[in-house]
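Going down the list, the protein sequences come from chains A and B.
For the first sequence, position 152 matches number 152 in my numbering, and the numbering has no gaps at all.
For the second sequence, position 16 matches number 16 in my numbering, and the numbering has no gaps at all.
Everything labelled a hint here was simulated from the structure, so no lab data went into it.
Think of the CB as a built atom: it goes at the ideal place given N, C-alpha and C, for glycine as much as any other residue.
According to the in silico footprint, chain B covers these stretches of chain A (three or more CB under 8 Å from chain B):
#1 146-154
#2 158-171
#3 176-187
#4 190-199
For lysine-lysine, the following BS3-like pairs were computed, each having C-alpha atoms within a straight-line distance of at most 27 Å:
#5 Lys79/A to Lys46/A
#6 Lys118/B to Lys166/A
#7 Lys7/A to Lys115/B
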Amino acid sequence: MIISKKKPFEEILEDLEGDDKIVILGCGECATATRTGGEPEVAEMKAALEAAGKEVVFTEVVHTGCHELDVKRILRLNKEKVDQADAFLVLSCGAGTQAARAATDKHVVPGCDPLFLGNIQRSMDFLEKCSHCGACVIDDYGAICPITRCAKGLVNGPCGGTSHGKCEIDPEMDCAWVLIHEQLKKEGREDKRTMIHGPKDWNVIRRPGAVVERGPDKLKMGSEK
Amino acid sequence: MGAYRNACNSGKFVVSGEIGPPKGTNVQTMLHHIDLLKDKVDGLNVTDNQSAVMRMGSLAVSGEIVRRGGDPVFQTTCRDRNRLGLQSDLLSAAFMGITNVLCLTGDHPVVGDHKQAKGVFDFDSIHLIQCCKKMNEGHDWAGNELDGATDFFVGAVVTPESDPLEPQMYKFARKVEAGTDFFQTQAVYDMDNFQRFMDKAREITAGTNVKIMAGLVVLTGLGMAKYMNRSVPGIFVPDALLEEMGGVPKEEQLRKGMEIAARHIRFLRDNKVCDGVHIMAIGKEEIVPEILEMAGIIPCRGAA
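One chain only, chain B, in its complex shape (with noise of 0.2 Å):
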């Protein structure tokens, strides 16, 4: 327990991975990612209702990953939940043995598959972070004493490729001053324009403790890529990749953007441009000890 947070405070290059609970009662292949990875990484986030579609709850398989021998990353919307929901949730959360908490704003209910949802949306992912860090010091949100605290290493994310970029900035500066331990990124892939948001990013966490992680979500294929490009706000997948992706034949797409990925790792541990990173493999699971394999990370299978 705590080995994400431990990860982060050794000044080693932290690296998480990120399991999508399933639609529906059938866990297998959750299971065996989760057991695939929960030794290779630092983290492994549990993503909550995803793109605002319905899935298990991140709180039940974040305490699963606890009762594996993982470190759950358990990642918070306030689309689905008041302050009465968030914080009766982070309590159980707690009593699950889930220390890393991920608060975010959460995508809108319209881009998923309930689009009549009302989104909540009272807290605001600020005050999600400011509500962990109460309840931390032993009281809740109202100020009303709590019968033993918690104990959370909070975190948040950023989009570094956001257009404008100054807004989001200034969000991040909000989230760092409320108390954000660390930070996942949404997927980079343009690391010189990566390398100047850190740039600006460490101006705004100087004289913190703040850890960064990069996300990088594994290209599995042209046509996602550059879906990713036109259709996801805040993703920004560069020429030069398109063309690397787009010069093999479809079949070995998914290899190329595995060795995109690890190169990327490589680059962005060797040059100290960030604390680490997360890894995005959304669904290909299967594929990450390997990225972490081609990155060096971890030894390769038969070595050692």
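Okay, chain A solo, but in the shape it has when bound (with noise of 0.2 Å):
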């Protein structure tokens, strides 16, 4: 799941200086979840736009946010409203945003800022435990990442800022290389406990990452040649 937050309302309005007529977007999949661009979120913010003195011409909730076929599909289908549009707001991540930017050529505006990858501890408690480094290394460390859950990412154990089990930059966070050794000491890996690990290759993707053939035996990536 892809969290966000909602951007402050002033920021968006800023940004949406000199546009009058609005579309928002919201999606139905993860900023649906998170609740910062699904339909309660999309009316709140037509209603807040309105409020000040904008024209919102069409509101929709994209099936899923990021289909750009989809997101195509439905500004195609809304044509006369959409194209009415000074700009289009867009309540969700990034990506859902490039998605409306490939939909359109009208100005593009951001509602939300993307945070990270997270998995959903319970309702609204959200926890990045990967971040799509390319090559998953975990099996040798408990099946939890130190690349995403050690603040600086490190390969070979804790560093000094350990602290009563927390991470030296957030003391309500568990310091991930604490919870490795206790994970591996539960399964009785000590050869994962004492092996060296080299560092990551940071370019096994080359950003931004790309998929171009896709079949049921092979996923290449845009890189590979």
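Both chains come to you apart, so use the hints to assemble them.
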């Protein structure tokens, strides 16, 4: 799930300065779950923009906001309304906002700050556990990712900033390395506790990542030649 | 050159001090501290944007210590440079006559004064240690041959009061395995705890020539001691020391802190607990010679 948070309304108004007619797009997946771009949030934003003197010409919560064909289809079906718009306000992660970018040449404004890929621990309680590094190594770490869950992404053990099992940058946050050692101990995998890991290959995925070919047995990265 | 390595290899009780580069171009106080200490200690650490606070670079200041006849311990963190930058600076260090390198992870940018900076951490401290060793053998990290190898004496740090200690000891063991020549510890104040740590550490370093120096940060006042206890991860000042500091008027607390440091140096040396000490006076380096006199490390002024 892509976790996002609402941008301050004043910031959105600033971005929309000079734009009178607005389209608001939400997302039926992540932004709905995180309550930043679902039906209620889109309705709320519509009311707020109207109160601020804007005209909202069209709203839609796209089933999957980052699905570019889906976004294009909806804009095509509502061409008359969206053609009047000066700007698109998108309540979703940056992928959703850029799906709108791909579907229109008009001014596109983000309504949310995308935060991270998060696990839903319970309703509205999200924790980042994976950072899409391109080569999963967590078997060596008791299936707890140090790249993501250690604030420094250290791969060979804790830094000196561990304090009572918590991280130096946030006393509420568990030190990933304490968790990893405890887990490996439970599993009795002493070999994994003692091994030295090399540094990550940060170019497994040449950013921006792209998959250009797909089939039953293959999934080719854009950077693979 | 090589004074610190020679001291470590000689079996004597090794003493190092620390220089914090200035924030700005005014180097007068720093040069004064370098000149004051360079002949009284075996090595002088130079901190690398310590606590993630931007300062003059440890490379340039280490080079200046070489020029002034001292032996710097060039602190290098993984926070601000990727593997290209780190290796390039290591070659520059070798060019400047720097031979001791202390490999650190580095504090996270959010604890420093440029909180929005991107922390690099491409390498961790273990990789940096391994990298120094590779460069000593004439190769860079990627395996390319160097036209001229380095000759680094490679150090690392360990936090004896880390809570929990076990993951820290596993990392310590990896640092030993990676080829670390010497360790300087995070500040220690509880000598019983430190002795227990050293027992565990000696088990890990058995069969090697690894030297371990206790880190001593001089207590400058009761407030500072309480702050360290409360806010600095991996530092524990026991109640007895807090009472000792609090038992004297404020204006005498610095002297009390110096006495405590000297007492700890004597204890560690006389009981052969560790191989030396690394003394950090954090900006008050002018008090270090007197602490060394009080500890009997250097002759008292006027004597000899």
